[in-house]
Amino acid sequence: MEEHEDAQYCFPGHNSSCRKVLLSTSIYITLYIFFLSIAAVTVFLNILVVISVSHFKQLHTPTNLLILSLALADVLVGLIVIPVGTVAIMESCWFLGKYFCVFYAYISYLILSISLGNLVLISIDRYVAVCDPLFYHSKITITRITCSISIIWFCCIIYNAAFIKITVNVEVPKRCFEECFIVQEFKWISIIDLVITMIVPCSIIITLYLKIFLVARSQARKETKVQIPAVTEA
Numbered sequence: 001m002e003e004h005e006d007a008q009y010c011f012p013g014h015n016s017s018c019r020k021v022l023l024s025t026s027i028y029i030t031l032y033i034f035f036l037s038i039a040a041v042t043v044f045l046n047i048l049v050v051i052s053v054s055h056f057k058q059l060h061t062p063t064n065l066l067i068l069s070l071a072l073a074d075v076l077v078g079l080i081v082i083p084v085g086t087v088a089i090m091e092s093c094w095f096l097g098k099y100f101c102v103f104y105a106y107i108s109y110l111i112l113s114i115s116l117g118n119l120v121l122i123s124i125d126r127y128v129a130v131c132d133p134l135f136y137h138s139k140i141t142i143t144r145i146t147c148s149i150s151i152i153w154f155c156c157i158i159y160n161a162a163f164i165k166i167t168v169n170v171e172v173p174k175r176c177f178e179e180c181f182i183v184q185e186f187k188w189i190s191i192i193d194l195v196i197t198m199i200v201p202c203s204i205i206i207t208l209y210l211k212i213f214l215v216a217r218s219q220a221r222k223e224t225k226v227q228i229p230a231v232t233e234a
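In full-length UniProt numbering, the protein residues as written are 1 to 234.
Source of the hints: derived by calculation from the structure; they are not laboratory data. Treat the hints with care, since some could be wrong.
What the hints assert, rightly or not - Here are the simulated distance ranges between beta carbons:
{"id": "1", "residue 1": "T143", "residue 2": "F44", "range": "24 to 32 Å"}
{"id": "2", "residue 1": "I205", "residue 2": "G85", "range": "18 to 26 Å"}
{"id": "3", "residue 1": "C147", "residue 2": "G97", "range": "35 to 43 Å"}
{"id": "4", "residue 1": "G85", "residue 2": "I158", "range": "19 to 27 Å"}
{"id": "5", "residue 1": "E223", "residue 2": "F56", "range": "41 to 49 Å"}
{"id": "6", "residue 1": "F213", "residue 2": "F103", "range": "37 to 45 Å"}
{"id": "7", "residue 1": "L194", "residue 2": "E223", "range": "26 to 34 Å"}
{"id": "8", "residue 1": "S203", "residue 2": "L48", "range": "31 to 39 Å"}
{"id": "9", "residue 1": "I158", "residue 2": "L119", "range": "16 to 24 Å"}
{"id": "10", "residue 1": "Y32", "residue 2": "R221", "range": "50 to 58 Å"}
{"id": "11", "residue 1": "L194", "residue 2": "I158", "range": "17 to 25 Å"}
{"id": "12", "residue 1": "H60", "residue 2": "A88", "range": "35 to 43 Å"}
Note that CB positions come from ideal geometry on N, CA and C, so glycine has one too.
All chains, please: the whole structure from these sequences, using the hints.
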């Protein structure tokens, strides 16, 4: 079987160098094409969303602005997270340096928190639209949504930068030389971060959509009760 790497170690001159993972050329190329194709499609489709919402004034609605914000986060996923993640998965040798390794972790955390923040705003938007439709246009305005999106992005940027600065140590010994291996020094901060950035947003989203489901089911039952007498009289 033909192998992609000729050398056994990433840095032959270093005693603690990482070992190269041996892959056949066909598998190596196929996996790269697969992952990078996903990245390209992700970027292309989300850029279409961004251009469409930005260009057409009739699409300038609160809901579409939330979709635009979510699409921007997904563009970063396609441009940075998937390509760099592909390199991290496919290559046991990390040649991009320790600070880019930390930057990659920061971008990954940032996009996750921004995406969840946008999903929370979308769930609030849908909740008001279904459960309080008469006051939707007075409560959900473009100005309020724009401010909410700006706050989400700003808070996520600052929060994740502080989290990386406090918890991540790039100077600790790795399992091997020049490895992208993030070590978080304070486990209790990581637990708090998990609650803030994952559990709380997901709980809000699930709760709001559960209420939307209950309201929608209640309205459907009322419509059914109204239609049954009408059919009987006919």
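Tested hints:
1. T143 x F44: 24 to 32 Å: Taking Cβ atoms as reference, T143 and F44 lie about 31 Å apart, which means the hint holds.
2. I205 x G85: 18 to 26 Å: holds, 25 Å
3. C147 x G97: 35 to 43 Å: Hint holds: Cβ distance 38 Å, inside 35 to 43 Å.
4. G85 x I158: 19 to 27 Å: holds, 24 Å
5. E223 x F56: 41 to 49 Å: Given about 34 Å between the Cβ atoms, the range is violated.
6. F213 x F103: 37 to 45 Å: At roughly 40 Å between Cβ atoms, F103 and F213 fall inside 37 to 45 Å, so the hint holds.
7. L194 x E223: 26 to 34 Å: violated, 42 Å
8. S203 x L48: 31 to 39 Å: holds, 32 Å
9. I158 x L119: 16 to 24 Å: Since the Cβ atoms of I158 and L119 sit about 20 Å apart, the hinted range of 16 to 24 Å holds.
10. Y32 x R221: 50 to 58 Å: holds, 53 Å
11. L194 x I158: 17 to 25 Å: Given a distance of about 18 Å, which is inside 17 to 25 Å, the answer is holds.
12. H60 x A88: 35 to 43 Å: Taking Cβ atoms as reference, H60 and A88 lie about 38 Å apart, which means the hint holds.
When held up to the earlier numbered hints, the structure conflicts with 5, 7 and fits the remainder.
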